[in-house]
Each structure stands twice: as structure tokens, then as C-alpha cells.
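Protein chains: 2
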Amino acid sequence: MNIYDISKQAGVSIATVSRVLNGSPNVKPSTRRKVMDIIDQYGYTPNAFARGLGLDTMNSIGIICADSSDLYLSKAIYYIEGNLRKNGYNCILTCSGYNHDDKEAALAMMINRRVDAVILVGSNYIEADDETNRYIMNAAAQSPVFLLNASMDCPNVFCATCDDFKAMQDAALALIDSGITDILYLYNSHSYSGRRKLGGYRSACEIRKLDIAQDLMQFYEGSHEDIDGVCRFLCGLRAQGLVFRAVLASEDMLAAGAVKYAKKNGIAIPDELSVIGYNNSLLTTCSDPEITSVDNKLEALCFQLVRTCIGVLNGEKMPPKIIYSGELVHKGTTRLVH
Amino acid sequence: MNIYDISKQAGVSIATVSRVLNGSPNVKPSTRRKVMDIIDQYGYTPNAFARGLGLDTMNSIGIICADSSDLYLSKAIYYIEGNLRKNGYNCILTCSGYNHDDKEAALAMMINRRVDAVILVGSNYIEADDETNRYIMNAAAQSPVFLLNASMDCPNVFCATCDDFKAMQDAALALIDSGITDILYLYNSHSYSGRRKLGGYRSACEIRKLDIAQDLMQFYEGSHEDIDGVCRFLCGLRAQGLVFRAVLASEDMLAAGAVKYAKKNGIAIPDELSVIGYNNSLLTTCSDPEITSVDNKLEALCFQLVRTCIGVLNGEKMPPKIIYSGELVHKGTTRLVH
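Chains as they are written, first to last, in the working numbering: chain A, 1 to 338; chain B, 1 to 338.
Derived from the structure by calculation, the hints contain no laboratory data.
Don't take each hint at face value.
The list cannot tell twin chains apart, which means a pair is met if one copy fits it or any two copies do.
Unchecked claim - In silico DSSO-like cross-links for lysine-lysine, where the CA-CA straight-line distance does not exceed 27 Å:
| id | residue 1 | residue 2 |
| --- | --- | --- |
| 1 | Lys86 | Lys75 |
| 2 | Lys34 | Lys8 |
| 3 | Lys264 | Lys331 |
| 4 | Lys317 | Lys86 |
| 5 | Lys166 | Lys34 |
| 6 | Lys8 | Lys86 |
| 7 | Lys34 | Lys75 |
| 8 | Lys28 | Lys209 |
| 9 | Lys209 | Lys166 |
| 10 | Lys86 | Lys263 |
| 11 | Lys263 | Lys209 |
| 12 | Lys86 | Lys321 |
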């Protein structure tokens, strides 16, 4: 039984059978059922299909992320995969970890698999120096490369980014303008986005003519899931005598740790400590009080990046960079003037 | 520049170049660097590689899950992808959603792509009736199928499961034996695992000769991320006069909603309300107090499932079913005798 037989038996076109086999949504449920019933009844030979349609070498997009279980990255993958599938593309997923050599190997592997395009999910693929980013330029010479929430000037590289600089600047300004000047900036990544956020915080301090004490910028080295570790880290800073009336965090997980820290030390939120997170994830609603956080428009970014990708693959001229604005979502850990 | 040229230039075997290109970890960092430098310097032709090595059609495993952004499923994908990659396999990821026809289409698409095996991640692929599961049997006739946390008796189908029946039974018994009899069982899935958990709860009640009031088994229909929705749902039950001194939840998200509900209504945890979740996820440490939860050994299950998968693909005889025991992890939302 091959695709021609099935198309004949079902009384539909070969293209329709192909769409059913590819899981395309553009098929009437009754038609899909008819085709699937015939396949169930007679069986089919995927090799013959694949040879006939070239399905095994076509319509594959490589998705690379550091860690597919990270809250932010897993959401991104979900949105990207779904949007690509709606456009008839399959996803090959690889988690590269955060180590440079592993990232480079993952990208080389994808290119080698002859994917139609590669999407690098998350901003930790772009370093500050061009030399380290050369592996992306090399890949882009072979296949278009799409960056989610990172940016790079290079032919055949396309980006959809949230303006994390501006969003973090706005968050810091909101704290300062509500009268809080001793803000602890807590971060855990030196990625492209991590550097932009830090820059936004510094810029807000400069605009309001605040001195930035070096010990009010703290880097947390622990695991991305260790909320208790963040709590202990902040307890340690307090024990060393560091005074802060707000925690401005580059990620919700860090903010959740700050809420725990306040609880543990009997510090009232938001009266004695304000907390702002980033990503506006599930963690913000799980905490008590709920955490004020920056919505970085992930779904819109993913949608846009896939739209750009499909356009490029269809030979259309697409903008190399699209930038979205983040938005501070006010919840229970702040009492800001807004 | 083809693989032979690179192997010659780098002074390593073709197999080593292939391992580097496939992102295999079994390559010395210095060797990988040497090979990558030559590739960076001279460029390479992926098509030629792919033709020469057959890389485009080999070593692909299809991973299907309902929603790759779900906390439990995203962790599973992370563990499975990483373990497969260490064994030289690439992952093709598809999210099927929870609808039967879409699940069937996703599986058919994977089989059609000539993947070496398909892994169905999460227990919502197996229904109670054999007829609905026929699509899996049909797929297994073409390619081995691996089920994470689900079970099915069928040739060429292999399972790694947590004994959710026993784990939920143990959790319910722990509540009952600490003197709490009015337990609200809160669940949000009719999946294989969902049915097993419910069965475990019922069985515990039967063992301790408790009547199970129908209105103490409540199904939450809202989104898997809407913790506030769960809180509102429980407030509604309370308003209707339902009395319960414990919430035994089939998922941590539901338990997090129960903690919120207690806070909102001034109900002391654990003195007036005990809460037990399931999955022992990040949400349990984010809540205050931290949530007692069942660790269902996800990492071990994923590791085992990949081991079985690799064994099957290598032609070894592998056990069709491996069952792990869950474990109740005591935290702040219970005061159990243990």
C-alpha cells in the first residue's frame, strides 16, 4: 500500500494524504479520519512514502536551547514548535547546555543534519565578543539562523527580541520613583539578555543620579531551580550587613527566593522589602504575595520569529530584527507609583 | 571539503569527525576543537556529509508529548533528550495537545518520518479502552514505541512507569493514619496515570473502611497553569458548605492552589488543612509553606526508558515493563506520622 493507493481508496488527492501524514491542521476532521482508517486497515510503508515525498529530508527546523526544562525556555519551545507545525515544519530539538563548546557542537550537528533553518532559543548563544560568536556566523553561511531574544548583526541571521534593557530600566525607575534607592540587583546570567538587563538597571541609576554600590549588584551562581539556595544567599548578604529595601531580579526564580528570604527573616513585603521578578512566569502566581514581574512578551516573540523564519524559507524579504517592549506587571510584592 | 579531507587535515579518523558532527560527548575537547577549527577554516558541505554518512535518515527518535511547557513534561523531555543524545540519537519533538485525533495524527506523522523509535511522554496517550489505543498498536507494528509513565500490553511497546496507584494510596493512608478523614481528592486528568492515582486514593479509603463521599472527589477543569483558578474553585466548594481538612492533589499545581485557598480564607496549614501535591516539582518549594509531595522518580524513569530504547534498537531483549515506586516527600503542608 503506498500513497497513491491510499489517495485512491480514500478518494482524496495525494496532497491531502500527505497533509494528513504530516499532521497538518488544514485537513477536515472527516477527511483525516477517512485517510487514517484506510491506513489502519491496510497498513502502509513509510519508507515508500518518504521516498515518494522526500519527507525525510524536508521541512525540518532545528531548535537548540540550553535546557528544555527551564520555565522560560520550555514555554518558548512550546510556542515555536506549535507555530512551526502549523506551517508544516517539524522540529528537531537539541539541548546544548550552557557551555560554549557544547553549544558550538550542537549547532554544527544541526547544520550537518541538513535542517532548513536553525532557531537558537534563549539569549545565551550570543556573547559580548565577535570571536566567540563566529560559530553562529559560520552556521549562517550554510542555513538561516534565527535568534530568540538575542541579537547579532550578520547576514542570514534574524532576531526577535524583547527590549530587556528598557524593561529593566523601567522597573528600576519605578522602584526609585516610589522612594526606594537601596535596590539589590540580583542576577544569574551573563547572557546577551542578562547583560542588557544589567545595563538597564545601571542606566536607571545614572538617570536618577544614584551611586551604584558594587555590592548591590549580586550574581547568584547556584542552580536555576534552587529557590532555597537564593534564600540562603540573601540571608548571607544580610548577615554581612548589606542593607537593601528592594530586590530587582533578572528572573522570577530569584524573586521567589527573595520572597522566601523576607518570610524567613520576618521582613514585611512590600512595606519593608519590594521584589520585582522577570518573565512573569507561573512562579509569580505561586508565591505569596504574588510577585510583580516583567512580562517579556514571549509568546509574541516566538510567533514573530516563526513568521520571519517561514518568510525567509519562502524566499521573502524579512526584517533581520524585530524588537518588542516588555511590560511591568504590578502584583503584591511592590507598591509602586503607576 | 568533505569528511575525508577534514579527517586527513585533523589527523583523526572519519568516525571521530562524524562523532564531532553528531555532537557526541565521547570526543576529547582538544580533538573536537581541532576538527571544529578545520571546519570553521575551510567550511564544509553538509549535503555531502549527509549523503556519505546517511546522517539525515539515521539515529532519530520521535518524542511526542501533549505540551512541552508543562512542568512535568518539560523535565521529562529534557532528561530523555539528553540521554538519547549521549547515545548518539537526535530527537524530533512534536506537541500533540490532549485531543485524541491530534495525538493520532502526531504519531502517524512520526512513523511516516521513519524515526527509529517513538517515545510517548506522559500518561495521556493511553485510554481505558483498547479501541482508542489501537493507533498505538498500529504504530508499534512499524516502529518500537516507548511509553513514559503509562502502560499497555502490546508487542513492540515498552514502558517505564511510576506506581502512581501505590504512591497515591500511601499518601492517602498517611493522611488517614494521622487522623484526617475528610480528605478532598482534587484531580485534573483522566489519563492513565490520573486513573491510577484516583484508584490509589479510593483503595486507601476502602482499606481504612472510610466511606468516600462523591463530592470529596473533585475534578478541576481549568488550565494547567491557573493556580488562581484552583483557589477560586476551592472557595466555591467551601461556599457550598463542603468540609475538608486535607487536599490530596494529583498535581503540584492543584496543591499550590489549595495553599492559596487556605491563605485567602485564614485557614492554618497544616493545623486546619493538610495539603499533599504530586510530582515534587519546583512549585512545591515556591509555595509557603513548602508543599509535601510525591516524588515520582521522573529522572530515573526517563533514564530507564532511554536505556530500554537503546537496548531494543541494538537488538537486545529488553523487559517490556519497568515499574518504579514513588516516594512521599514530607514538607511544611502536612504533619504526618512517619
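Intra- versus inter-copy proximity for Lys8 and Lys34 (alpha-carbon distance at most 27 Å) = within (12 Å within a copy, 54 Å between copies)
task = Check Lys28 against Lys209 for me: Cα-Cα at most 27 Å, and say if that holds within a copy, between copies, both or neither.
result = Close neither inside one copy (62 Å) nor across copies (51 Å); limit 27 Å.
message = Within a copy, between copies, both or neither: which one fits Lys209 and Lys166 at a CA-CA cutoff of 27 Å?
response = within (17 Å within a copy, 62 Å between copies)
inquiry  = At most 27 Å between CA atoms: does that hold for Lys263 and Lys209 within a copy, between copies, both, or neither?
reply    = neither (32 Å within a copy, 41 Å between copies)
message = I want to check one pair: Lys86 and Lys321. Are their C-alpha atoms no more than 27 Å apart within a copy, between two copies, both, or neither?
response = Answer is within; shortest intra-copy Cα gap is 23 Å, inter-copy 35 Å.
Intra- versus inter-copy proximity for Lys75 and Lys34 (alpha-carbon distance at most 27 Å) = neither (34 Å within a copy, 36 Å between copies)
inquiry  = Treating 27 Å as the Cα threshold, decide for Lys317 and Lys86: within, between, both or neither.
reply    = Only inside one copy: Lys317 and Lys86 sit 21 Å apart there, 39 Å across copies, limit 27 Å.
Same-copy or cross-copy closeness of Lys166 to Lys34 [CA-CA at most 27 Å] = The answer is neither: 53 Å in one copy and 41 Å across copies each exceed 27 Å.
query = Within a copy, between copies, both or neither: where do Lys8 and Lys86 come within 27 Å Cα-Cα?
reply = within (26 Å within a copy, 44 Å between copies)
request  = Up to 27 Å between alpha-carbons, please classify Lys86 paired with Lys75: within, between, both or neither.
outcome  = Both ways: Lys86 and Lys75 sit 17 Å apart in one copy and 24 Å across, limit 27 Å.
message = Within, between, both or neither: how does the pair Lys264, Lys331 come out at a Cα-Cα threshold of 27 Å?
response = both (21 Å within a copy, 16 Å between copies)
request  = Go through the copies and call it for Lys86 and Lys263: within, between, both or neither, with a Cα cutoff of 27 Å.
outcome  = Neither: 45 Å inside a chain and 42 Å across chains, both beyond 27 Å.
In this structure, the earlier hints numbered 5, 7, 8, 10, 11 are contradicted, and the remaining ones agree with it.
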